[in-house]
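Protein chains: 2
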Amino acid sequence: MNSHLQSLINWVQEQHLDIAYISNPTNINYFSGFYQEPEERVTALFVFPDQDPFLFTPALSIEAVKKAGWPYDVYGYLDHEDPFALIAEHIKERVAEPTSWGIEKDDLPVFRFEAIMKQFPSATFPADASRYIERAKLIKSPDEIALLEAAGREADQAFAAGFAALRTGITEQAVVAEINYTMMKAGVMNMSFDTIVQAGANAANPHGGPELNKIESGQMVLFDLGTVHKGYISDATRTVAFGPISDKQREIHQVCLEANLTAMDAARPGITAAELDKIARDIITKAGYGEYFNHRLGHGIGTSTHEFPSIMEGNDLVLEPGMCFSIEPGIYVPGFAGVRIEDCVHITPNGNEPFTHTTKELQTFSD
Amino acid sequence: MNSHLQSLINWVQEQHLDIAYISNPTNINYFSGFYQEPEERVTALFVFPDQDPFLFTPALSIEAVKKAGWPYDVYGYLDHEDPFALIAEHIKERVAEPTSWGIEKDDLPVFRFEAIMKQFPSATFPADASRYIERAKLIKSPDEIALLEAAGREADQAFAAGFAALRTGITEQAVVAEINYTMMKAGVMNMSFDTIVQAGANAANPHGGPELNKIESGQMVLFDLGTVHKGYISDATRTVAFGPISDKQREIHQVCLEANLTAMDAARPGITAAELDKIARDIITKAGYGEYFNHRLGHGIGTSTHEFPSIMEGNDLVLEPGMCFSIEPGIYVPGFAGVRIEDCVHITPNGNEPFTHTTKELQTFSD
Chain X
0 MNSHLQSLIN WVQEQHLDIA YISNPTNINY FSGFYQEPEE RVTALFVFPD QDPFLFTPAL
60 SIEAVKKAGW PYDVYGYLDH EDPFALIAEH IKERVAEPTS WGIEKDDLPV FRFEAIMKQF
120 PSATFPADAS RYIERAKLIK SPDEIALLEA AGREADQAFA AGFAALRTGI TEQAVVAEIN
180 YTMMKAGVMN MSFDTIVQAG ANAANPHGGP ELNKIESGQM VLFDLGTVHK GYISDATRTV
240 AFGPISDKQR EIHQVCLEAN LTAMDAARPG ITAAELDKIA RDIITKAGYG EYFNHRLGHG
300 IGTSTHEFPS IMEGNDLVLE PGMCFSIEPG IYVPGFAGVR IEDCVHITPN GNEPFTHTTK
360 ELQTFSD
Chain V
0 MNSHLQSLIN WVQEQHLDIA YISNPTNINY FSGFYQEPEE RVTALFVFPD QDPFLFTPAL
60 SIEAVKKAGW PYDVYGYLDH EDPFALIAEH IKERVAEPTS WGIEKDDLPV FRFEAIMKQF
120 PSATFPADAS RYIERAKLIK SPDEIALLEA AGREADQAFA AGFAALRTGI TEQAVVAEIN
180 YTMMKAGVMN MSFDTIVQAG ANAANPHGGP ELNKIESGQM VLFDLGTVHK GYISDATRTV
240 AFGPISDKQR EIHQVCLEAN LTAMDAARPG ITAAELDKIA RDIITKAGYG EYFNHRLGHG
300 IGTSTHEFPS IMEGNDLVLE PGMCFSIEPG IYVPGFAGVR IEDCVHITPN GNEPFTHTTK
360 ELQTFSD
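In the order they appear, the protein sequences are chains X and V.
Going by numbering that gives the first Met the number 0, 122 is the number at position 123 of the first sequence; the sequence numbering is gapless.
Going by numbering that gives the first Met the number 0, 196 is the number at position 197 of the second sequence; the sequence numbering is gapless.
Only chain X is shown next, with the shape it has when bound in the complex (with noise of 0.2 angstroms):
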């Protein structure tokens, strides 16, 4: 049994639970190594304290599951049948009554809640799995930062085939078009999230996205990008100049890189997530430009790409050596500019170590 399987079972006795039922697309493939794309139909992990885990799948997925390895039952379900009807009954194949259940109430939605409900009348649901499943991925192990280190290397070559396409009015969205064609063909089978460009004003929206805005000449451009490397997630943002650029966008630029550049070098055991964002954030707020930063300084990085912990005010936990976030802060200018700097870092006995190395000095571009 894998590792991170066996910890969930521990989880499930310690809790004396009856069962857990872990519904995210994402920790199911943690915890089974098969994953399915989300959709409307139900894709389920039940694990016992006790006795062995099965997966319920559409049938259509049936052959996935197999072929994914996962070595315990697999059930399948046609799409008129009524799915939760089905586990009920493989669950009571195992247990009879189960009453203490485990969910992940940030992914359950309320009608598989009602619909567990009632099949199982007498369920009661004492405990959180997303709270423990936010815990088990805090620390990532050798070989998963291996695979982070791998995902960083190909956000390099992304934000190098980005730079690439930069020209006088191409648009955001066909530089975007570039960077994912360069990575798909080299063999990348998922970007993390939609690759984002923005030029200009356009980048003074951190929520925003690309658009078939033309970049011209004395815009700043903010890349965010990242990919899937064997289920680990790489994210890194650079902001560079295409040709020349104002000495307003150029101080934006140079007071996010110091805020950039300083929590890196303060990001160590022993500080906690609050007191890193502060170090970012004041010396925004020093320069003027606090209101402009309008996020936390980073998330955490692992299977998913915003997970456990947010490095923000209040949260007093105290980082150690395997935790993996972004350092990212950004000042956004309304009708101007957007700069944003961003590395995610893995946590070392004695600092920490970035998943990507693209220089974040000023690089200028032109034609």
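Everything labelled a hint here was simulated from the structure, so no lab data went into it.
Keep in mind the model is a prediction, meaning the values are calculated, not measured.
Incorrect hints may appear among the rest.
Pairs count within a copy or across copies, as identical chains cannot be separated in the list.
Claimed, not checked - Below, in silico cross-link-like pairs of lysine-lysine (DSS-like), each with a Cα-Cα straight-line distance of 30 angstroms or less: (1) Lys213 <-> Lys184; (2) Lys277 <-> Lys247; (3) Lys66 <-> Lys136; (4) Lys229 <-> Lys184; (5) Lys213 <-> Lys66; (6) Lys91 <-> Lys229; (7) Lys285 <-> Lys136; (8) Lys91 <-> Lys277; (9) Lys65 <-> Lys184; (10) Lys229 <-> Lys65; (11) Lys117 <-> Lys91; (12) Lys117 <-> Lys285; (13) Lys65 <-> Lys213; (14) Lys184 <-> Lys277; (15) Lys277 <-> Lys136; (16) Lys229 <-> Lys136; (17) Lys213 <-> Lys285; (18) Lys66 <-> Lys247; (19) Lys91 <-> Lys66; (20) Lys213 <-> Lys91; (21) Lys285 <-> Lys247; (22) Lys184 <-> Lys91; (23) Lys229 <-> Lys117.
Guided by the hints, dock chain V onto chain X, whose structure is given.
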């Protein structure tokens, strides 16, 4: 006020609800015109029987909400703030104590459901907005059908790009790269799902995806793809021959094609979803491949790739003009080959019209 939002408010009034909480990003977009990529932060739309609605989003999305033209209030929150405490404050400014709630049970996770109950201990949840929304979206307007047609034309272009990329030794994933690159360079912002190219026996895994397998002469190659056009989705599948194929491969394609064409002929007002499924399934079963067609005939399409109605056994919904769904029989022979042939159609007063027009007759490509 747009008609989608007005209809939602009418439903809230008819159901005697104090409030409805829309949580699914695609549905928030459907009602508000603002789309937020799914992530762990909270984006929510709250609607009342006789007060203006409001959006609640991460602070970093406020600019994007304004850009989207949302005419009512929007409130942001910072990463370290408790979103549901803030949401409760904004709700209570409008309704002191909302007790009767409509929520999207297919979408809302238990954690957020419990957060609402914590803020509003007297809350009850008598109405499932998921059921309302699937019905509200069921009959597409002429404007929506025009968008689905535009998305379908893009899918036809994507097939052409994929067929043109076929050559001995190219990997499935490299063909995907060519398809996505062609579409994104042409200004398509997103594919509607991860483009699927599967050759030979890999196509017998209908829930799998492209791999790094090399395509060889003598294989059939399955393409399943689509685009997002202004929020509306295309989804279509073709299976072609690469080089000379065997009589058995040809037979599977022929049976699948007959099932597809017969169902396309039969899809018209008055027939039920279950009857349509059976028409295609009987052809495949009679030819001896019934066990290898292990999914429903089709799914609704619109602002999501899979929506209401399912074209399957047990669904006695009578088809009506304006309903839009896929017709996609498949035959998956493990270890040998897989064929699926899919168009999405809209029901017209006298029959149906497909959104995609790439020929479904067996096409053969070679180096």
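Hints, one by one, checked against the model:
Taking the shortest alpha-carbon separations for lysine 213 and lysine 184, both the intra-copy value of 25 angstroms and the inter-copy value of 13 angstroms come in at or below 30 angstroms. In this homomeric assembly, lysine 277 and lysine 247 come within 30 angstroms of each other (Cα to Cα) only inside a single copy, at 24 angstroms, whereas the closest approach across copies is 67 angstroms. For a Cα distance limit of 30 angstroms, the shortest separation of lysine 66 from lysine 136 inside one copy, 25 angstroms, qualifies, whereas the shortest one across copies, 37 angstroms, does not. For the identical chains of this complex, lysine 229 and lysine 184 are neighbours both inside a copy (16 angstroms) and across copies (28 angstroms), given an alpha-carbon limit of 30 angstroms.
Taking the shortest alpha-carbon separations for lysine 213 and lysine 66, only the inter-copy value of 18 angstroms comes in at or below 30 angstroms, while the best intra-copy value is 45 angstroms. When the C-alpha separation of lysine 91 and lysine 229 is checked against a cutoff of 30 angstroms, the pair qualifies neither within a copy, at 35 angstroms, nor between copies, at 47 angstroms. For a Cα distance limit of 30 angstroms, the shortest separation of lysine 285 from lysine 136 qualifies neither inside one copy, at 35 angstroms, nor across copies, at 50 angstroms. Taking the shortest alpha-carbon separations for lysine 91 and lysine 277, neither the intra-copy value of 52 angstroms nor the inter-copy value of 33 angstroms comes in at or below 30 angstroms.
Taking the shortest alpha-carbon separations for lysine 65 and lysine 184, only the intra-copy value of 28 angstroms comes in at or below 30 angstroms, while the best inter-copy value is 38 angstroms. Within a single copy, lysine 229 and lysine 65 get their C-alpha atoms as close as 18 angstroms, which meets the 30 angstroms cut-off; across copies the closest is 38 angstroms, which misses it. For the identical chains of this complex, lysine 117 and lysine 91 are intra-copy neighbours only, at 14 angstroms inside a copy versus 33 angstroms across copies, given an alpha-carbon limit of 30 angstroms. In this assembly of identical chains, the alpha carbons of lysine 117 and lysine 285 never lie at most 30 angstroms apart, being 57 angstroms within a copy and 38 angstroms across copies at closest.
Proximity of lysine 65 to lysine 213 under the C-alpha cut-off of 30 angstroms is restricted to the inter-copy arrangement: shortest distance 22 angstroms between copies versus 47 angstroms within a copy. For a Cα distance limit of 30 angstroms, the shortest separation of lysine 184 from lysine 277 qualifies neither inside one copy, at 41 angstroms, nor across copies, at 41 angstroms. Only within a single protomer do lysine 277 and lysine 136 lie at most 30 angstroms apart by alpha-carbon distance; the minimum there is 25 angstroms, versus 46 angstroms between protomers. Taking the shortest alpha-carbon separations for lysine 229 and lysine 136, only the intra-copy value of 16 angstroms comes in at or below 30 angstroms, while the best inter-copy value is 37 angstroms.
With identical chains, the CA atoms of lysine 213 and lysine 285 are never at most 30 angstroms apart, being 34 angstroms at best within one copy and 56 angstroms at best between copies. Taking CA atoms no more than 30 angstroms apart as the test, lysine 66 paired with lysine 247 passes between copies only; the shortest distance there is 24 angstroms, against 55 angstroms inside one copy. Taking the shortest Cα distances, lysine 91 and lysine 66 sit within 30 angstroms of each other inside one copy (27 angstroms), while across copies they are farther apart (53 angstroms). In this homomeric assembly, lysine 213 and lysine 91 never come within 30 angstroms of each other (Cα to Cα): the closest approach is 60 angstroms inside a single copy and 44 angstroms across copies.
For the homomeric pair lysine 285 and lysine 247, the shortest alpha-carbon distance inside one copy (16 angstroms) is at most 30 angstroms, but the shortest distance between copies (73 angstroms) is not. Taking the shortest alpha-carbon separations for lysine 184 and lysine 91, neither the intra-copy value of 48 angstroms nor the inter-copy value of 53 angstroms comes in at or below 30 angstroms. In this assembly of identical chains, the alpha carbons of lysine 229 and lysine 117 never lie at most 30 angstroms apart, being 38 angstroms within a copy and 39 angstroms across copies at closest.
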